[in-house]
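Q: Spelled out from the first residue to the last, the chains are:
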Amino acid sequence: MRGWSLLILVAACKPDLGEPASLVDAPRFLAISSEPAEVVPGATVTLHAVVARPEGQVADDAPASWAICTTPKAVSVNNVVSDDCVFESQVGLPDHTLTVQATIPMDACSLFGPDPPQSLPGQPPLRPIDPDATGGYYQPVRALLEDEPAHYIAAFGLPRITCNLPDAPSDIAIAFRERYHANTNPTIARVLVSIDGATSIDLPADVPAGREVTFVVVWPAAAAETYPVFDRVSRTLVDHREALRVSWFATAGEFAHDHTGAAEDDTSTETQNLWTAPASPGLVHGWVVLRDSRGGSDVRAFDVNVTP
Amino acid sequence: MIRSVSICACILLAIASPAFGDDDEAAPVITKAPALTHFEQAVYPPAEKEKGVEATAVLEISIDEHGAVTDVAVVTSAGADFDAAAIAAAKKFVFSPAEIDGKPAPVKITYKYAFQITEEMVSLGPQINFEGTVRERFKKDPMKGVKVRIVDLDVDAETDDDGGFAFQDVPPGAHKIELSAPTLITVSTEEEIVKGKKKTVTYFVEEKEQGVDEEEVVRAPRIKKESVETVIRTEEARKVPGTQGDTLKVVQNLPGVGRSAFGSGALIVWGSAPKDTRVYVDGVEIPALYHGGGLRSTMSSDLVKSIDLSPGAYGADYGRGLGGLVKVETRNLAKGTHVVAAADVIDATAMISTTPSSRVKLGAAGRYSYLDRTLQAVTSQDVGDFVPIPRYYDAQGIAQVDLAKDEGVTLLGLVSDDQLDRTIPSDDPSAVRKEKTHTKFWRALAEYKQLFPDGASFTVTPSVGVDTSEIVSSFGAVPTEIHTTSDRYAMRGAYRRKVHATTTLTLGLDGLVTHTRVRRAGSITLPAREGDITVFGQPPGAQVNADEWTINELGVAPYAVAQIKTGDLELVPGVRLEPMVVDGTRALPLVGRAPERGFRRVDWEFDPRIAATYALGKRLSLRAGAGLYHQPADPEDLSAVFGNPMLTPSSAAHAVLGGAYKLRPTLTLELTGFGKYLWDLPARSELPTPALAQALDQDGVGRSYGGQVLLRQELVKGFFGWITYSLIRSERRDHPDRDWRLFDYDQTHVLGVLASYQIGHGFEVGGRFRYTSGVPRTPVVDAYYDGNADQYDPIFGAQNSIRVPSFYQLDLRVERTITRPSWRLNVFLDVQNVTNRANPEEIIYNDDFSRRGYITGLPTLAVLGARLEL
Chain A
1 MRGWSLLILV AACKPDLGEP ASLVDAPRFL AISSEPAEVV PGATVTLHAV VARPEGQVAD
61 DAPASWAICT TPKAVSVNNV VSDDCVFESQ VGLPDHTLTV QATIPMDACS LFGPDPPQSL
121 PGQPPLRPID PDATGGYYQP VRALLEDEPA HYIAAFGLPR ITCNLPDAPS DIAIAFRERY
181 HANTNPTIAR VLVSIDGATS IDLPADVPAG REVTFVVVWP AAAAETYPVF DRVSRTLVDH
241 REALRVSWFA TAGEFAHDHT GAAEDDTSTE TQNLWTAPAS PGLVHGWVVL RDSRGGSDVR
301 AFDVNVTP
Chain B
309 MIRSVSICAC ILLAIASPAF GDDDEAAPVI TKAPALTHFE QAVYPPAEKE KGVEATAVLE
369 ISIDEHGAVT DVAVVTSAGA DFDAAAIAAA KKFVFSPAEI DGKPAPVKIT YKYAFQITEE
429 MVSLGPQINF EGTVRERFKK DPMKGVKVRI VDLDVDAETD DDGGFAFQDV PPGAHKIELS
489 APTLITVSTE EEIVKGKKKT VTYFVEEKEQ GVDEEEVVRA PRIKKESVET VIRTEEARKV
549 PGTQGDTLKV VQNLPGVGRS AFGSGALIVW GSAPKDTRVY VDGVEIPALY HGGGLRSTMS
609 SDLVKSIDLS PGAYGADYGR GLGGLVKVET RNLAKGTHVV AAADVIDATA MISTTPSSRV
669 KLGAAGRYSY LDRTLQAVTS QDVGDFVPIP RYYDAQGIAQ VDLAKDEGVT LLGLVSDDQL
729 DRTIPSDDPS AVRKEKTHTK FWRALAEYKQ LFPDGASFTV TPSVGVDTSE IVSSFGAVPT
789 EIHTTSDRYA MRGAYRRKVH ATTTLTLGLD GLVTHTRVRR AGSITLPARE GDITVFGQPP
849 GAQVNADEWT INELGVAPYA VAQIKTGDLE LVPGVRLEPM VVDGTRALPL VGRAPERGFR
909 RVDWEFDPRI AATYALGKRL SLRAGAGLYH QPADPEDLSA VFGNPMLTPS SAAHAVLGGA
969 YKLRPTLTLE LTGFGKYLWD LPARSELPTP ALAQALDQDG VGRSYGGQVL LRQELVKGFF
1029 GWITYSLIRS ERRDHPDRDW RLFDYDQTHV LGVLASYQIG HGFEVGGRFR YTSGVPRTPV
1089 VDAYYDGNAD QYDPIFGAQN SIRVPSFYQL DLRVERTITR PSWRLNVFLD VQNVTNRANP
1149 EEIIYNDDFS RRGYITGLPT LAVLGARLEL
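Going down the list, the protein sequences come from chains A and B.
My numbering puts the first residue of the first sequence at 1, with every later residue one more than the last.
My numbering puts the first residue of the second sequence at 309, with every later residue one more than the last.
Think of the hints as simulated: they come from the structure by calculation, not from any bench.
Treat the hints loosely; a few may be bogus.
[What the hints assert, rightly or not] Some chain B residues close to chain A (C-beta under 10 Å, calculated; not the full set):
| hint | residue |
| --- | --- |
| 1 | Ser404 |
| 2 | Val786 |
| 3 | Pro835 |
| 4 | Ala836 |
| 5 | Ala1001 |
| 6 | Asp1155 |
Cβ atoms here follow ideal geometry from the backbone N, Cα and C, with glycine treated the same way.
Take the sequences, apply the hints, and build the full model.
A: Dropping the structure here:
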């Protein structure tokens, strides 16, 4: 028995879809943070939208409109909110800047959480909303920004809401309430840059045009919190540690990765990314957004002076 | 029987009037009537005979006292020619003398002379009353030297140069006929000889495949129950370009079969969902015809005798499926010891068979893949990212035992295993993708067949098997885990016999017991379902849950199929009763520590089906078929968390109408139109908070309709090929208040042109061209930013309102076969996509959905392989 084989492949399969997500070449939202990061229904949070444009960050007092979503999405939808929340089914907020105060509706855990609305008499009970992998539920709040006349860009902030654990055994639910602590926003300790392998320095910094440099984002160890999750397979409480994720943005140049971070089992307190400075000198605006897996976030802006 | 002319004559009135004068004496009494002692046949007037005219002349015949005719006069004319003929004949009549008062006397009688054209039996000595021709099944060539034996009479004849044979004076009644020859698979059938009628038949017999010189143990006459069926011979299938010698992959090129995207291996038949089409090997269902990616079939080609595809409206002996039907028949093993080994860039395969005794044949085959490693060596990581290449193997073992003449058992074992384990690493923890899938099935079956002396047959096939499927994946922080194990116990049996000269009846039972255990955790929306609105690569929804449940199903389906042949019309009505007991462990999700509550119900389904064929002459035949079909809910859909335990079987009605015209004995043009309507289809609930345990509802309906054309040249003089075009539209409506939408797998136009030719010196060349419409997709019209996930979510336009661009591809194949007395070597070069067209397979977007591109399929792929037979 003998066999021969030969394979000829002459092309790849992946299309080129243009600029990376980390390049800010048009007005865009970078983050919507909530302070506190997690609240009970009825509590008030401060929502802050970070918006960037090629010229730099948009001022906090720029006009924007906000609305609280009142319609949950269908079970089958992959998107974070229902289409109804994009176009209608909202309750507007009175403030009209990038920073607003919002009171989480009292029925948030009913609409977006595990306490389903009462079914009609004679009808079977309704299915509760499922949690995400961290056991969390979120109240969508829409922000709308007019980036050019009569054209708007939309974004959703999702403050985490503290709800019951209705389908767990009572002893588990009690233990959960005792052990669970509402999420807090992570914080960025430092943003550094290392040029030609030299010791990292704080920003702002001068970077030669076309040069590859390494950015480093550092956070305190406490940024990654540990929290219990009701595991629906084992029907027990299981402790998880937050994964941390950094989104990188710049108005010029190119990052090697749009996102970096530390997975749940990664205890490191920093992440780094390679950035190639643009060929033309000038001021480059940059941002890093640190997010934890329970919806908390922190934003740090920086500038790089690209030199000839 | 000959057609003849007869003239019926009778004396209407014994005596019209005595030949006496009036007197006063007492009236004379006829004491003896004249009797005709010599009848003269009248000459039927030729012109009238030619025209088929019949007539009756009434004559008055005068008879003297000696019985001689003295005069003939016409009382009622039948026309001049008839009158003259009747008179001429009547004048030659001779009677016995009539007597009046005891003495011979002259009389007159009235005589009715009828001219009639009748058919009458005329014995002309020994007659041929059973004759026919034997032809090769595929090439249609006449077969010389075939022994045709009437078993019960113990007489035989041998076919002549034209394949003809004849028997004289075969007694009326049913006779078992057996055809045999050294190069043939022995076949048996039954013929009904009717008194006075000559039976003329044509038998199409199949030559043994190379190396096979044993008689087939049992071969009952096939009953064609499918209205539309395409049967492909292994010999042809192996040479189809683009299949790399894999016999079963030819199904992808048959009419009515849509093209599956690279990496899916799905069978899309007449607009049906892939999971709705059933695949059977020797009557036992297997879960997949192809390994993952559709690269190879799950069974060795060297054990396959034929593949039948019925896209719809099939007979009542199969059920539990809404789509098409694929039947794979294993072949008879060759006598002696044989080894086949083959290898190419995709995998390596081997088969060995041996004959330890005159009544037992054993065989084993196996295949092992290595394409995943080959691709890693020669191409970019992107290919593996977008086109998962599984690692697979399959193995088969077979034992064929002749218990007696016309009685045998086949034991068959099948196992197939697919594994895919890949991680797409990323510095972004939410972008790390892990995927691990493992699907496996095995079957063990014993098929017992017996053919009785009266031509009846009995088949029973018990089988056992296990299907396992594991999907473990994570898309960033969203995990998905599904473990499914299904134990299957099946029993299929059928008894078939001729119950009337025109009718053959099959009574059967199709039983299936399954015990399925499912454990699922993670994403609600993964894996995606048909009808989900999403885009390729979109992360699943963040919501997760978990459930673990068991489903037991018991189905015992009795069925009956009749084949009624009257003249040119053949009707095959059938009926199938499908009761199904469904027993589940969880009717509702678990809450707290409350004990789980199960459910049990019985679903009754009744599926009448019919097929009809009408021969309009020797070349043209018309076909039609219709039927009801039901399919039990997928056990994975009966989850109280992810599905709906109360789902009942889905339903479909099929109808087909078509015809076939034989342009030449081996060249056929087929035209078929079809329609399918489906209802009670499960679909995801569109409610944000549906009723508990009703994440799926059952309001969906579907329809697919269209037509297909097949121009097929069967293998003759080294050439075979076909041109097929299908025009199909398939739509679904998931909920009553929704509009109809295109089915996710809809492909309006499917064109295939395929040809292979033996150019001599062992060389053979072939080509295949395929064109298909792109599958529908839902456009993205805008997007918004998710501030938590730092990603854009799409805003969709009308569902399935755009399509992936059309696909077309040209494949070529060149092979050389070197044959020696003890071995045969086949070397082939199979080049796919010779024009290196970048065929779009999927639509992909950039991160904010402002740009759209296409993932393209494999570029030019040249596969060089070899196959050695010992």
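Q: Could you work out which earlier hints the structure fails to respect and list their numbers in ascending sequence?
A: 1, 3
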